[in-house]
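With these hints in hand, go ahead and build the complete structure from the sequences.
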Amino acid sequence: MTTATTDPVRLPPGPRAPKVLQGLGMVAIQSSMLTALSKRYGSAFTLNVPLFGRMVILSSPSDIKELFSSSRELIGRPKKNLSAILGEGSVFALEGDELLARRRLLLPPFNGKSMRSYETITEAEVRSELSTWPEGVEFETLEPMMRISLNTILRAVFGAEGAELEEMRTLMPAAVEFGSRIALLPEVFRRDVGRWSPGGHFAQYRRRMDDLIAKLISDARADPDFDDRQDVLTLLLRTRYDDGTPISDQHIADELLTLLVAGHETTSSQLSWVIERVRRHPELLARLTEEADAGGSELLRATIQEVQRTRPVLTASLRRTRTRVQLGEWVIPEDTTVMGALHLAMTSADSFPEPEKFNPDRFLGANPNPFAYVPFGGGMNRCIGASFASMEMEVAVRAILREFRIEPTDAADERPFNRGVSIVPNKGGRVVVHRRKTPAAKPRSASVSAEQRSS
1 MTTATTDPVR
11 LPPGPRAPKV
21 LQGLGMVAIQ
31 SSMLTALSKR
41 YGSAFTLNVP
51 LFGRMVILSS
61 PSDIKELFSS
71 SRELIGRPKK
81 NLSAILGEGS
91 VFALEGDELL
101 ARRRLLLPPF
111 NGKSMRSYET
121 ITEAEVRSEL
131 STWPEGVEFE
141 TLEPMMRISL
151 NTILRAVFGA
161 EGAELEEMRT
171 LMPAAVEFGS
181 RIALLPEVFR
191 RDVGRWSPGG
201 HFAQYRRRMD
211 DLIAKLISDA
221 RADPDFDDRQ
231 DVLTLLLRTR
241 YDDGTPISDQ
251 HIADELLTLL
261 VAGHETTSSQ
271 LSWVIERVRR
281 HPELLARLTE
291 EADAGGSELL
301 RATIQEVQRT
311 RPVLTASLRR
321 TRTRVQLGEW
331 VIPEDTTVMG
341 ALHLAMTSAD
351 SFPEPEKFNP
361 DRFLGANPNP
371 FAYVPFGGGM
381 NRCIGASFAS
391 MEMEVAVRAI
401 LREFRIEPTD
411 AADERPFNRG
421 VSIVPNKGGR
431 VVVHRRKTPA
441 AKPRSASVSA
451 EQRSS
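First residue of the sequence shown? That's 1 in the UniProt record's numbering, and the numbers climb one at a time after it.
No lab work stands behind these hints: they were computed from the structure.
Fair warning: there could be bad hints in the mix.
What the hints assert, rightly or not - List of simulated lysine-lysine pairs, PhoX-like, C-alpha gap at most 25 Å:
#1 LYS80 x LYS19
#2 LYS39 x LYS19
#3 LYS357 x LYS39
#4 LYS427 x LYS357
#5 LYS19 x LYS79
Laid out in structure tokens, this is it:
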């Protein structure tokens, strides 16, 4: 258990390369760099990089468990995060008891009855997108997957329809992409000093986004069916803290944007990786198609899990020490960034035999160590929309398998490419499909994802 201590600092070993070079490595070749360092130093080592300074990297399940289970008084969020663009009402800006109280309000919309309604929306968006897919020619799946994810989030989370939905389809991706580029810059570069400054340009995006969300909030409150609506925006308007107070409208806007940033590109990137992987494993592809036709989902879920393990779109979960702590065998000083290296944890031979092998069968009937298999992070900062993302992926891949015959390929694996928000296939997850002459019949009932069953 992580504890506060006054013992002398004792950090894991690490490279002595100049700070700038270590930082460039983390930006340009993070995954391969961390993998190489783990082979040299083991499951714990220390880096020194610009912006974050001294950074302790941990990847053993025992250390990850301690990191994710640490007291909120000892370890919190890093100071540099997306709250600079998402607002003070985002969970990225909250700590301690305030964060716990907010998470208790945000989690219920992603379970039960609401999730079933979101699945219906997802199915409709997937069908609409698949109707435009060309046959017999190779194309990138990343952009189509992004459209599916974006439209699903805007409808299920924001409750957007009509003119607001149409504008947000264009505005939100551009705003999120620009905001993510400036989020970690020094504050001086993020200040609004005019419309042509980076801060001023983003401020224009943010004002328009806030105006649109305010309109959606007003429309929801005026809806005669307000009490029956299941979109996340409305559920947050109805919810209350333990003392009976509501979440402010501005904080709801901040949280909706947080859900968009956290769930849009990440889910669509993971879907493209699923396509990239199954095309290169024809026997698995045949089994998945047969299962989809029969209305099953067990192998599909296992395949998605194995894709998340071997091709994670997020490779790290960051924390910051609030005081000097002992974590495992290490004594880490106050105000130090600690990285839970998710990719290293999920490719460790100690937890996953033959970790370099793509083998979904390893997840069939198995419950992996929750501190070795960590695609959504963990602890107080675990992805709130994990069940939503899992549902989206299952619905989309199942629909593709039932609608199309996917051509296998013996092309070289697509390489991971860091887009800033997530890690994507460097060629966009290319695919060739042919419509099945008689698409399989739709299963009798909607599926419930593994994330929902475990939540």
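Results for each hint:
1. For a cut-off of 25 Å, the pair hint linking LYS80 to LYS19 stands: about 18 Å separates their Cα positions.
2. Note on LYS39 and LYS19: the hinted pairing holds, with a Cα-Cα distance of about 21 Å set against a maximum of 25 Å.
3. For a cut-off of 25 Å, the pair hint linking LYS357 to LYS39 stands: about 18 Å separates their Cα positions.
4. Of the supplied pair hints, the one linking LYS427 and LYS357 holds, its CA atoms being roughly 21 Å apart against a limit of 25 Å.
5. Restraint check for LYS19 and LYS79: the C-alpha separation of about 19 Å stays at or below 25 Å, so the hint holds.
The structure meets every hint from the earlier list without exception.
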